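The listed protein sequences correspond, in order, to chains A and B.
Using this note's numbering, the letters of the first sequence correspond one by one to residues 8 to 386.
Using this note's numbering, the letters of the second sequence correspond one by one to residues 8 to 386.
No lab work stands behind these hints: they were computed from the structure.
Treat the numbers as computed from the prediction; the structure is a model and nothing was measured.
Each hint should be verified, as a subset may be incorrect.
Given that identical chains are not distinguished, each listed pair holds provided it fits within a single copy or across any two copies.
Below, computed lysine-lysine pairings styled on DSS-like, alpha-carbon distance capped at 25 Å [claimed, not checked]: (1) K298 x K88; (2) K247 x K177; (3) K247 x K204; (4) K298 x K81; (5) K20 x K245; (6) K295 x K81.
Protein chains: 2
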Amino acid sequence: MSLLRFEVVHEYKAARLGRMWTPHGVIETPVFMPVGTQATLKSVLPRDIWDTGTRLMLSNAYHLYLRPGPRVVKEQGGLHKFMNWQGSLLTDSGGFQVMSLGHMVSLTDEGAVFRSHIDGSLVKFGPFESIQAQVDLGADIIMCFDQCPPYPVTEQGAMEAARRTLLWAKQARAMDIPEIQALFGIVQGSVYHGLRKRCALDMAELDFPGYAVGGLAVGEPKKEFYEILDLTAEYLPKDKPRYLMGVGHPYDLVEGVLAGVDMFDCVLPSRNARHGRAFTFQGSLNLKNAKYASDSAPIEEGCDCLACRGFSRSYIRHLFVAGESLAWTLVTIHNLRFFQRFMQKLASSIKDGTVQSYRDEIRRIYPVDMAEDADGERL
Amino acid sequence: MSLLRFEVVHEYKAARLGRMWTPHGVIETPVFMPVGTQATLKSVLPRDIWDTGTRLMLSNAYHLYLRPGPRVVKEQGGLHKFMNWQGSLLTDSGGFQVMSLGHMVSLTDEGAVFRSHIDGSLVKFGPFESIQAQVDLGADIIMCFDQCPPYPVTEQGAMEAARRTLLWAKQARAMDIPEIQALFGIVQGSVYHGLRKRCALDMAELDFPGYAVGGLAVGEPKKEFYEILDLTAEYLPKDKPRYLMGVGHPYDLVEGVLAGVDMFDCVLPSRNARHGRAFTFQGSLNLKNAKYASDSAPIEEGCDCLACRGFSRSYIRHLFVAGESLAWTLVTIHNLRFFQRFMQKLASSIKDGTVQSYRDEIRRIYPVDMAEDADGERL
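Could you put together the complete structure from these sequences and hints?
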């Protein structure tokens, strides 16, 4: 029985504000999780991640299984201690990464056999390996191994992936998992309404402490994405946290919250930062742009992050042009802080009942169909 | 008239402990300056540099002249504000870098014309450009433009470089420099005793607030290095700080201090860190080595740096193997702290009169002629 506790404290239509207790602290929801794939959020010290308001981070069982190996992490006292992160952790099962990064040799009910993207070696990774790895890593929240079909996929292909995902979920549910870890189920079903509904209901029946919506934001049209999201969330238990995987873009976070989602993760703030792209409430900026060469303003006026409190756009642009990694550090810190501030504003707008106008504002600043930043470049 | 003040507070033979006041704080000497070539100490935030005990950092007029340009830095409020460094700063004049990095087109009494190592563009950089750039940058200590001959060089070549260095020093001395900046002279003369002596005496006559020994540690045998260092320091004013440029190796710091040097700079702690090389009082370690894969010890037991307080060798090795830049950050922080602790221990040994035995200890741990680390690799 998992020790994870979740409480809904406020509702507005399908949207809700909540609180989640893990063995590593309390988390206000809706929550955005930055991604530390290889047991590090690239170029930022854990203390500085914490100072952005981040309390829950994601890491990847797939990557850590390949390198350094879950046994090494376990010997070092588990993932929290290994990466020196005092907050809460969630590990993804690796289902998505196996399909997108590995060079697949075979995929059966026993799992995947693939060639490692690191050294080409043959690796077997399935439902048992994934859960065992995640138990060794010791994250507060762990995920069932799933088969995430690409988009587009035939209905039959989607059904097969959903069947396997459910089978693996049942197998995982039967495994011996420490009570300090909460195992979440993942709903698949691609863009097929009936399949998504059945998957959600079947998964709910397994009585997980939380549920994820997987297989979205993999290339399907936005309209289908939002429809499937609404539908899937509707059939998931109201008293359990709901997690939309791999999302994302600020406007999609608004749509997710309105659909009743409590948790999100995405590489967007950190990956974009390393390319010079900063998020602000006036839109995003490309800090490599020559127009910032003499700009003494911080990335964003009024931002309280470490980067904005001490460094100008001019300096950060210089770091990018000079190829200095401190640029990644500073912009990543800013973007993490932006996402945390954004989730707080979103939560406030739900509490105040102003979420519809906030939704319009975010759509204006971060348009979905024309995903361009303030400098006219595609996000 | 420079506001810089320097006071010798303790002496042991030629070695001395001192205190230097700049407009940005007080600095205990002997002092080691880490190098932030491009207005950043690679991969470390200024606050974390400060926390290693560092109070004086070096940056390079040559690099900043080429990119982003001293005018940009001046517009941003000067180098301290630009890079958000609350401590003191010294800028090197660029003499050494012009010779070693630029593709020289001509070198005359007016300065160097060379092709930039960044974009191949033709650049004129001489005694006036260097001082003007350094005035714009606004470091607390600035350096005369000098001609640093390679090793080996004929006596005639060394004389010509020394003559030009003295000419440029006189020209710089006549320039209008803000009193918040202290201009140091640089002694050249290669390995020629008579020439070094004359250079030191001529430079001393110009009454600079401080003096550097340049043109050493450029490939000459250690024996000549130490001899020339002793001789040069002897002829420099006792009441002014003495700075040995580009040094360096722990044992050379001991020899430098025993010769009466007060200031040092070197890329060793930061550059080696990025290659996985950590300095400890038991010798240096190559943290990429497989033997650290499951090592739960910190880089160095008893070290109070941020890296040693939170992260294992196992984790840091993982970061290196996974190509994560946080590895550079952590090991650089450790190495900076090592150099600060090392300078403190060295100062204590001078105060206690135990410097000779400390010298032997450091020579054993960091042998000069067999510069290998504890893992048997060359430093």
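**Request:** Please work out whether the CA atoms of K295 and K81 approach to 25 Å or closer within one copy, between two copies, in both situations, or in neither?
**Result:** between (41 Å within a copy, 20 Å between copies)
**Prompt:** For K298 vs K88, is the C-alpha pair at or below 25 Å within one copy, between two copies, both, or neither?
**Reply:** between (43 Å within a copy, 20 Å between copies)
**Item:** Identical-chain pair category, K247 with K177, by Cα at 25 Å
**Value:** For K247 and K177, only the intra-copy Cα distance (18 Å) is at most 25 Å; the inter-copy one is 77 Å.
**Item:** Within, between, both or neither: K298, K81 at alpha-carbon 25 Å
**Value:** between (48 Å within a copy, 17 Å between copies)
**Asked** Taking 25 Å as the upper bound on the Cα-Cα distance, should K20 and K245 be classified as within, between, both, or neither?
**Response** Only inside one copy: K20 and K245 sit 12 Å apart there, 79 Å across copies, limit 25 Å.
**Asked** Using 25 Å as the alpha-carbon threshold, which applies to K247 and K204: within, between, both, or neither?
**Response** within (17 Å within a copy, 81 Å between copies)
In the structure shown, no violation is registered for any of the earlier numbered hints.
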